[in-house]
Amino acid sequence: MIHEEYKEMLSAHALAALDHDAANVLNAHLSQCATCRDELVQWNAAAATLALAASTAEPSPKVRERILDRIRAEAQNAQPDSAVKVVAGPQVLPFKQPPRNVWQSIGSLGAIAAAVIFAALLVSLIILWKQNRDAHVELTKLSNETKTLQEDLERKNKALQILAAPGTRMAELSATNMAPGASAKLAFDKNGHAMLMAKGLPAAPRGKAYQLWYIVGNKPMPGKVFTPDSTGNGVLEDQMPAVAMNSAVFAVTLEPASGMPTPTGAIYLHSGS
Amino acid sequence: MQPEQAQTTDVELLHAVAHGDERALAHIYDRYRVVLFGLLVRILNSREEAEDVLQEVFLQVWRRAADFDEKRGRPFTWLVTLARSRAIDRLRALASRERVAQAGAREESEQISDAASDTIRAEQRDLVTNALAQLPDEQKRALMLAYFDGLTQSEIATRLGAPLGTVKTRMRAGMTKLRELLANKSESFGF
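Residue numbers (the numbering used here), protein chains in the order written: chain A, 1 to 273; chain B, 274 to 464.
These aren't lab readings, by the way, just hints derived from the structure by calculation. Since the structure is predicted, the reported quantities are computational estimates derived from the model, not experimental observations. Built from N, CA and C at the ideal position, the CB exists for glycine as well. Just so you know, not all the hints are guaranteed correct.
[Claimed, not checked] Simulated restraints, written as ranges between beta carbons of each label pair:
#: 1; chain 1: A; residue 1: Ala119; chain 2: B; residue 2: Glu285; range: 33 to 39 Å
#: 2; chain 1: B; residue 1: Glu321; chain 2: A; residue 2: Leu109; range: 45 to 51 Å
#: 3; chain 1: A; residue 1: Pro61; chain 2: B; residue 2: Thr402; range: 14 to 20 Å
#: 4; chain 1: B; residue 1: Ala435; chain 2: A; residue 2: Leu109; range: 47 to 53 Å
#: 5; chain 1: B; residue 1: Asp342; chain 2: A; residue 2: Leu139; range: 29 to 35 Å
#: 6; chain 1: A; residue 1: Asp38; chain 2: B; residue 2: Pro409; range: 54 to 60 Å
#: 7; chain 1: B; residue 1: Arg296; chain 2: A; residue 2: Met1; range: 45 to 51 Å
#: 8; chain 1: A; residue 1: Glu74; chain 2: B; residue 2: Pro436; range: 48 to 54 Å
#: 9; chain 1: B; residue 1: Thr449; chain 2: A; residue 2: His20; range: 23 to 29 Å
Chain B extracted, bound-state conformation (with noise of 0.2 Å):
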C-alpha cells in the first residue's frame, strides 16, 4: 500500500491538467471513474443521469483545476466533494421536477467491481465498510442520509421523526466516530 506516492501523483496530475494537460485529465478521469461513478449512481440511483453529471464533474475539474490547493486537502477529498456536490444539486432539481421520489427503494445499478490495480481503494473501502459497520444504526443512518441523499439535519429529524437534537447528536457521534476508525486503521485517508 503506498498511499503518499498515489497522493503525490494525484497532485502532480491535476496541477498538470491546470496548465492544459489534456492527457493529465484522462489519467485522473481513469483513476477515479469508477469511485466517482458508483457514488453518483448512489446518489441520483440512475446511469444515465450519474453519467451526464460524471461528465459535468470532469470538466469541472479542466477549468477549476487552479483552484485545487493540496494544502486544504487531498485530491480524493476535493473530487469526491466536487462529484457529491454536484450530484445533489441534480438530484435536487430532479426532485422539484417530481422525476426521482422514491428515496429508501433504490435499484442498484449495474456495478462491477474494482479493477485489479485499484487494491489501494479496495483497501480503503473494506475499511469504511467495516468503519461504518461498528457505527450505531441511528448514527449510520443519520450519515448516510445526509451524504447520499443530501438532506439537511432538519430534514433528516423529519424523515425520521426524531427530534432536531436528537439527529444533531447523532451526526456528530458518527463522524466523530467514524473519524476515529479510519485514523487508527490507516493514514491514507488524509486525517
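Next up, chain A with everything else stripped away, as it sits in the complex (with noise of 0.2 Å):
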C-alpha cells in the first residue's frame, strides 16, 4: 500500500469508521510515519467539531456532585495510611503526584542517558587531550634527541674525513688531575680543520664548558667550547689558528659557557710540556 492511500484512510479513522482490519493497518503505518500522525490530529479536531452539531443539554446537577464526590474518596483511598491528614475544603484536595505517562518516563531515561553519554565524552576528551599533549612532548623529546645525534654524527663524519685526509696530524691529551682517566686526540690537517675528541670528562657544571687552547711559546690562543654528553664524550669541531700548526701545546680548562679570551678555570687535559 502507498503513502496516499493511507493518508486517505485518515479522516475515516479520526470518525473510527474504518473497519476493523484497516484501522489495524493504518495503526501499523502511523506507527511509522509521523506525517499522517501529524495529518491525523488535524482531522480528528475536524471531526470533533461534529459534537457541536448536537443540540446542547444540561445534565443534573448531581452529575458534579458525584463526580466530585468520587474524586474525593479516590484520592482518599490513594492515600490510606499516610500520617499527615490533609485538611480540605470542599472544593481542595490534598496534592496529588499526577501519574506519569511513558512518554515522560522516557524522556527522563533519555535526559540521564545524554547526560552519561556527556560525561563520558567528556572524559574521553580529556584523555585524548593528555595523550595528544604526552605525544607531542614525546615527539619534541625525540626530535631533540634527533637532532643530537644528527650533530654527532655530523661531527663524527668530520673527523674521520680529517683522518683519512693526506698530511693529518694527531696530538694527544691526557689528563690532569682534575679529570683522573680522561683522555683526548686532536686531529687537525694541513688547512687547520681540526677535531678533538675527548672521553671521561666530568660533566661541566650548569653555566660551564669545556674550552680548548691553543698555546704557542706561553701564550694561550682560545679555541671554541664543548660539552660533553652524559657519557663523558665530547667532541668538537675548530679552526686551528695557523701559528699553532707546528709548535702549540694543547689544553682544556674549564670556563664559562659562552668562552673566555684567556684561560680562568682549571686546566682538565693538556698535550704534553
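Put the complex together from the two separate chains, hints included.
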C-alpha cells in the first residue's frame, strides 16, 4: 500500500469508522509515519467539531456532585496510611502526584542517558587531550634527540674526513688530577681543520663548558667550547690558528659556557709540557 | 471572540487537573458539561445513560489528564473524543443487550440552549451547522452515521445499501469539505 492510500484513510480513522482490519493496517503505518500522525491530528480536530452539530443539553446538578465525591474518595483511598492528613475544604484536595506517562519516563531516561554520554565524551576528550599533549612532548624529545644524534654523527663524519685526509696530524691530550681517566685526541689537517675527541670528562656544571686552548710559546689562544654528553664523551670541531700548526701545546680548561679570551679555570686535559 | 485565550485557559486547567487540582476539574466540567452532555444524549438517546457516561468521562479526565498533550490537539478535541469514544462503547454494549435499537427514530431529550456565557461555542456551533448544511445529503448522512451512531464504513454501506467504495468516497469527500469550510471561516477549530 502506498503512502497516499494511507492518507486517504485518515479522515475515516478520525471518525473511528474504519473497519477493524483497515484500522489495524493504518495504525501500523501511523506508528512509523510522523507525517500521517500530524495529519491525523488535523482530522481529529475536524471530526470533533461534529460534536457541535448535536444540540446542547444540561445534565442534572447531581452529576457534578457525584463526580466530585468520587474523586475525593479516590484521593483518600490513594493515601490511606498517610501520617499527615491534609484538612481540605470542599473544593481542595491534597496534592496528588500525577501519573507519569511512558513518554515522560522515556524523556527522563533519555535525559539521564544524554548526561551519561556527555560525561563519557568529556572524559574521553580529556584523555585524548592528555595523550595528545604527552605525544607532543615525546615527539619534541625524540626530535631533539634525533637532532643531537645527527649533529654528533656529522661531527664524527668530519672527524673521519680529517683523520683520513693526507697530512693529518694527531696530538694526544692526557688528564690532569681534575679528571682522572679522561683523555682526548686532537686531529688537524694541513689546512688547520681540527677535531677534538675527548672521553671520560666529568659533566660540566651548569653555566660552564670545556674550552680548547692553543698555546704557542706561553701564549694561550682561545678555541671553541664544548660540553661532553652524559657518558663523558665530547667532540669539538674547530679551526686551528695557523701559528699553532707547528709548535703548539693544546689544553682543555673548564670555563664559563660562553668561552673566555684567556684561561680562567682549571686544566682538565693537556698535550704534554 | 477570543479562541486563543480560551484555549490557553483550558490547557492550564488540564495541567492543573493533572496535578490533582479538584477545582480545575470543576471548572472544566462547568465549561464543557453542556456540549459533552448534548453529544452523549445525541449518541445514547437517553439522559440517564448520558449522565452516567458523563460521570465516567470526567473521572477519566481526572485520572488521565497527565496524558493530555497539547501538541496532539486542543483540549476541546481531547474531551470530545474521549466522551464520544465512551458513548460509542456504551452504545454498543446497550445494543448488544438489545436495549437500544431504534436508530433513526430518536427522540430529542430535554435540551436547553447554550448559556449566554458560552458565546464562543455558540458561534462555532453556527459555523459547523452552516458547514454541514453545505454538504450533499449523502455525504452528511455518512458522517452522521459514523460519528453519532458509531458505525463503521462497512456498517454504513449495509445500512444505506450502498457499495463500500461509495461510502468511503462520500465520507472522505464530506470530511474534506467540512474541514475546508471551517478552516476558511475560523481558526478556532485547531486546523
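Now for the hints, and whether the structure bears them out:
1. A:Ala119 / B:Glu285: 33 to 39 Å: holds, 36 Å
2. B:Glu321 / A:Leu109: 45 to 51 Å: Holds, at about 46 Å.
3. A:Pro61 / B:Thr402: 14 to 20 Å: Taking Cβ atoms as reference, A:Pro61 and B:Thr402 lie about 28 Å apart, which means the hint is violated.
4. B:Ala435 / A:Leu109: 47 to 53 Å: holds, 50 Å
5. B:Asp342 / A:Leu139: 29 to 35 Å: violated, 57 Å
6. A:Asp38 / B:Pro409: 54 to 60 Å: violated, 29 Å
7. B:Arg296 / A:Met1: 45 to 51 Å: holds, 49 Å
8. A:Glu74 / B:Pro436: 48 to 54 Å: Given about 49 Å between the Cβ atoms, the range holds.
9. B:Thr449 / A:His20: 23 to 29 Å: holds, 24 Å
In the structure shown, a violation is registered for the earlier hints numbered 3, 5, 6, in ascending order.
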